[in-house]
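Visitor: Sequence:
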Amino acid sequence: MAPFTVTRNALIPAAPSDVFPLVNNFHEWTKWSPWEAVDPKLSRSYSGNESGVGAKYAWSGNNKAGAGTMEIVGSEEPGKIDIRLEFTKPMKAVNPTRFTFAPEGDGTRVTWTMTGENKGLGKIFALFMNMDKMVGGDFEKGLAALSAVATRKNS
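Following the numbering used here, the numbering of the sequence shown begins with 1 at its first residue and continues without gaps.
Heads up, some of the hints might be wrong.
[Said to hold, decoys possible] Within a straight-line C-alpha distance of at most 30 Å, the following computed BS3-like cross-link-like pairs (lysine-lysine) qualify:
1) Lys141 - Lys89
2) Lys31 - Lys141
3) Lys92 - Lys41
4) Lys41 - Lys141
5) Lys80 - Lys31
6) Lys31 - Lys41
7) Lys56 - Lys92
8) Lys56 - Lys89
9) Lys141 - Lys92
10) Lys31 - Lys89
11) Lys133 - Lys41
12) Lys92 - Lys133
13) Lys92 - Lys31
14) Lys92 - Lys64
15) Lys64 - Lys141
16) Lys133 - Lys89
17) Lys133 - Lys56
18) Lys31 - Lys56
19) Lys80 - Lys64
20) Lys133 - Lys80
21) Lys64 - Lys31
22) Lys133 - Lys64
23) Lys56 - Lys141
24) Lys92 - Lys80
25) Lys64 - Lys89
26) Lys133 - Lys31
27) Lys64 - Lys41
28) Lys141 - Lys80
29) Lys41 - Lys56
[Claimed, not checked] Taking CB as the label site, the calculated pair distances span:
30) Lys41 - Arg98: 27 to 33 Å
31) Gly105 - Gly54: 17 to 23 Å
32) Ala15 - Arg44: 38 to 44 Å
Since the hints were derived computationally from the structure, they do not count as laboratory data.
Predicted model only: the values in this text are computed from it and were never measured.
Backbone N, C-alpha and C define an ideal beta-carbon position, used for all residues, glycine too.
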């Protein structure tokens with residue numbers, strides 16, 4: 001098995017109480033997720049709680065978007081959110097994901113981390129593709145968009 005961790009962080013010029021709800025509610029992700037533009041016909045569904053623990057999101061799209069589900073399994077406002085991310089297409093994988101929100105100066109240091117293990121075909125794939133390089137740029141785009149949304153909210 002080939003374990004991996006992808007992590008990025010950004011200083012967002014907004015209070016944790018303004019940034020946290022944008023991640024804690026999957027309906028808000030359409031405003032900042034780096035994958036929203038990958039498939040204009042992306043199919044989304046929401047179930048469970050509106051936000052926080054038990055909130056669920058499922059998507060299905062083209063080959064680039066793939067398919068999968070996310071469920072918030074831990075939510076401690078305003079400090080951290082744990083998500084169970086499960087991909088069903090193009091490859092099956094479960095990738096625990098965590099967002100942390102730490103006050104820093106006049107803003108919030110948001111850290112986005114995804115972990116996992118490449119198994120089977122994924123392990124062979126990992127020999128040629130670095131998960132950090134593959135996903136890290138998306139995390140950076142997502143954090144920049146999250147910052148823009150949180151900053152607009154305060155203006």
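Visitor: Determine for every hint whether it applies to the structure shown.
Guide: Verification of the supplied hints:
| no. | hint | in the structure |
| --- | --- | --- |
| 1 | Lys141 - Lys89 | holds (23 Å) |
| 2 | Lys31 - Lys141 | holds (12 Å) |
| 3 | Lys92 - Lys41 | holds (22 Å) |
| 4 | Lys41 - Lys141 | holds (21 Å) |
| 5 | Lys80 - Lys31 | holds (20 Å) |
| 6 | Lys31 - Lys41 | holds (16 Å) |
| 7 | Lys56 - Lys92 | holds (18 Å) |
| 8 | Lys56 - Lys89 | holds (18 Å) |
| 9 | Lys141 - Lys92 | holds (24 Å) |
| 10 | Lys31 - Lys89 | holds (24 Å) |
| 11 | Lys133 - Lys41 | holds (26 Å) |
| 12 | Lys92 - Lys133 | holds (20 Å) |
| 13 | Lys92 - Lys31 | holds (26 Å) |
| 14 | Lys92 - Lys64 | holds (14 Å) |
| 15 | Lys64 - Lys141 | holds (17 Å) |
| 16 | Lys133 - Lys89 | holds (20 Å) |
| 17 | Lys133 - Lys56 | holds (27 Å) |
| 18 | Lys31 - Lys56 | holds (17 Å) |
| 19 | Lys80 - Lys64 | holds (29 Å) |
| 20 | Lys133 - Lys80 | holds (24 Å) |
| 21 | Lys64 - Lys31 | holds (19 Å) |
| 22 | Lys133 - Lys64 | holds (16 Å) |
| 23 | Lys56 - Lys141 | holds (23 Å) |
| 24 | Lys92 - Lys80 | holds (26 Å) |
| 25 | Lys64 - Lys89 | holds (10 Å) |
| 26 | Lys133 - Lys31 | holds (24 Å) |
| 27 | Lys64 - Lys41 | holds (12 Å) |
| 28 | Lys141 - Lys80 | holds (20 Å) |
| 29 | Lys41 - Lys56 | holds (20 Å) |
| 30 | Lys41 - Arg98: 27 to 33 Å | holds (30 Å) |
| 31 | Gly105 - Gly54: 17 to 23 Å | violated (33 Å) |
| 32 | Ala15 - Arg44: 38 to 44 Å | violated (28 Å) |
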